[in-house]
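Chemist: Given these sequences and hints, build the entire structure.
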Amino acid sequence: MDTTFAELGLNEHILEGVRALGFQSPTPVQAQAIPQVLAGRDVIASAQTGTGKTAAFALPVLQVIEPYSRDARAKAGVASRLQASADEEGVGDDVPPNPNGPEVIADDVAGGPSVSANVDGDGGVSQPKRRARRRHHKAKADAAAEKGTATGERGKGVSHAVTPSDGAPGQASSAPAPAKRKRSRRRRGGGKASGQERKAASGDSREANPNARPFGPFALVVTPTRELAQQIEDVVSVVCSHTGQKAVVVMGGAKFDRQIRELEAGCDLLVATPGRLIDLMEHDHVSLDDVKVFVLDEADRMLDMGFWPSVRRIVAALPRERQTLLFSATIPPSIKGTVDAMLRDPVQIEIARIGETADTVEEHLCPVTQGQKTQLLETLLRTGGAAGEAPERVLVFCRTKHRVDDLDSYLKAAGVKVDVMHADRPQKARERALERFRDGKVQVLVATDVMSRGIDVSGIDAVVNYDVPMDPEDYVHRIGRTGRAGAAGHAYTFVAPDEISPLREIEYFTHKLIPVWDQPGFDYDSSRIVPNPGRSTTKPKRTMFSGSRSRGRGISAGRYGRHY
1 MDTTFAELGL NEHILEGVRA LGFQSPTPVQ AQAIPQVLAG RDVIASAQTG TGKTAAFALP
61 VLQVIEPYSR DARAKAGVAS RLQASADEEG VGDDVPPNPN GPEVIADDVA GGPSVSANVD
121 GDGGVSQPKR RARRRHHKAK ADAAAEKGTA TGERGKGVSH AVTPSDGAPG QASSAPAPAK
181 RKRSRRRRGG GKASGQERKA ASGDSREANP NARPFGPFAL VVTPTRELAQ QIEDVVSVVC
241 SHTGQKAVVV MGGAKFDRQI RELEAGCDLL VATPGRLIDL MEHDHVSLDD VKVFVLDEAD
301 RMLDMGFWPS VRRIVAALPR ERQTLLFSAT IPPSIKGTVD AMLRDPVQIE IARIGETADT
361 VEEHLCPVTQ GQKTQLLETL LRTGGAAGEA PERVLVFCRT KHRVDDLDSY LKAAGVKVDV
421 MHADRPQKAR ERALERFRDG KVQVLVATDV MSRGIDVSGI DAVVNYDVPM DPEDYVHRIG
481 RTGRAGAAGH AYTFVAPDEI SPLREIEYFT HKLIPVWDQP GFDYDSSRIV PNPGRSTTKP
541 KRTMFSGSRS RGRGISAGRY GRHY
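Letter by letter, the sequence shown follows residues 1 to 564 of UniProt numbering.
Because the hints were derived from the structure by calculation, they are not lab data.
We put the CB at the ideal spot given by N, CA and C, even for glycine.
Among the hints, erroneous ones may be present.
[Claimed, not checked] In silico DSS-like cross-links for lysine-lysine, where the CA-CA straight-line distance does not exceed 25 Å:
1) K417 to K428
2) K401 to K441
3) K412 to K441
4) K512 to K539
5) K417 to K441
6) K401 to K412
7) K417 to K401
8) K441 to K428
9) K428 to K255
10) K255 to K412
11) K428 to K412
12) K428 to K401
[Unchecked claim] Each pair of labels, with its calculated beta carbon distance range:
13) A39 to T379: 50 to 58 Å
14) E7 to S458: 24 to 32 Å
15) A487 to V530: 40 to 48 Å
16) M470 to D405: 16 to 24 Å
Modeler: This is how it looks when you write it as structure tokens:
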């Protein structure tokens, strides 16, 4: 009997969101990860693309931070479905107290009379300040008003005393002037001290003014690309509509001011790309002091795209006492040391062997010359290739942005409905292209490897590797866009004579040969190279005797050993 989401420990609010998403039963990575996250354990999960990693961390994380969300709103006097359901059903009454529990976070985050008003020293109500910088200048102005203009006119010998509380004019106030707080130099992007240490050292402004800044975020999800951030938002927003929580997405390519306004209103879960999050942190528009759960999505892609230094800065700004989750398709050895330092006694979940492709994807190797690739692709789109019928949705990957644009022009001239996605296109254009592809308005979407992990579209019939990827992991992610959720899919790899070497690296990585497939009726150029069907999938070891010194020792010539 299959496991259900209810058996994993998810509460009714989350289960309502699961039903709204249309999930029937948990995938293997969800079945293993969700109970561990709910138990408070750190997790390292490695699984293939298309196995439901997003829901595997989004569902339990929203449940873990639900008590903090509810208590923050209750203290702030904000009506929400979270608080209403807690009052009616008693949800959260049986949550065991802990040092970082709801009681502490409620006092830290949302203490005070109201989220919409500040109480001044005379008992009056003033409007809330929008930003930390504006609050700072306002505080200076108030201090100057209490002292009067004596300081400003000291050189003229004129002194204006502050009017005392009894209203007698001209009497100097006996109350001492408030001590001027020394302005500390702000750390940029997170130094060696954690968020909790900085708060303890400088004094939390919320102790004196509970409304100094909005509550949250209580959970932070960092992901490398905008498309992945939007993919996470699609799942989280549906669940939040049933739990009463609020999720905010900040990423490059979107309006900075709008994201600032959303953060000022408070949020429970923050989804961010590294670059935009660092910008917001440097300008004091977001604080990570309240983060209880940190999720690092696609860590291997973070490394490939050069985001790992930014990840270190973000981690340094987080509280030391937190739960950390790392979800990725692969865990490169080069980041294993940093990952081990980030997590505490993590549970390791590996659904599939690293480099293994999905069983639902039928792979085909198409030897062809560079000059015939466009003709072969056009024939494949018309005939359907190995599937035998014309595909409705085809995803084509190229190595460079220029190749994407050139192929786009060729296919449009051939009458094919096509759109493109690459990093040089504006964010709105990329969103529009993905939406058109999802709705079936275009048959072909041409993209680069940067987009390979952010495209989550169901019903993709085929993936075409127009260029052989240089990184074997990119091959796994490319073909993982088809054959998702148990559906069958086809993956075609066009290999030219100058691409045999990266092809062999892919076969070494996946430990299997890609079977050769020829398009019936296509007139192939005689200069194409068909790989030997008896080739090995075990990568030969390099030897120090390779090269000219190896003559007569039974080792092939070549400075770096045998070439395949």
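Chemist: Against this structure, judge whether each hint is valid.
Modeler: Taking the hints in turn, this is what the structure says about them:
{"no.": "1", "hint": "K417 to K428", "result": "holds, 19 Å"}
{"no.": "2", "hint": "K401 to K441", "result": "holds, 22 Å"}
{"no.": "3", "hint": "K412 to K441", "result": "holds, 14 Å"}
{"no.": "4", "hint": "K512 to K539", "result": "holds, 11 Å"}
{"no.": "5", "hint": "K417 to K441", "result": "holds, 8 Å"}
{"no.": "6", "hint": "K401 to K412", "result": "holds, 17 Å"}
{"no.": "7", "hint": "K417 to K401", "result": "holds, 19 Å"}
{"no.": "8", "hint": "K441 to K428", "result": "holds, 17 Å"}
{"no.": "9", "hint": "K428 to K255", "result": "holds, 11 Å"}
{"no.": "10", "hint": "K255 to K412", "result": "violated, 32 Å"}
{"no.": "11", "hint": "K428 to K412", "result": "holds, 21 Å"}
{"no.": "12", "hint": "K428 to K401", "result": "holds, 17 Å"}
{"no.": "13", "hint": "A39 to T379: 50 to 58 Å", "result": "holds, 54 Å"}
{"no.": "14", "hint": "E7 to S458: 24 to 32 Å", "result": "holds, 26 Å"}
{"no.": "15", "hint": "A487 to V530: 40 to 48 Å", "result": "violated, 30 Å"}
{"no.": "16", "hint": "M470 to D405: 16 to 24 Å", "result": "holds, 20 Å"}
Checked against the numbered hints above, the structure breaks hints 10, 15 and satisfies the rest.
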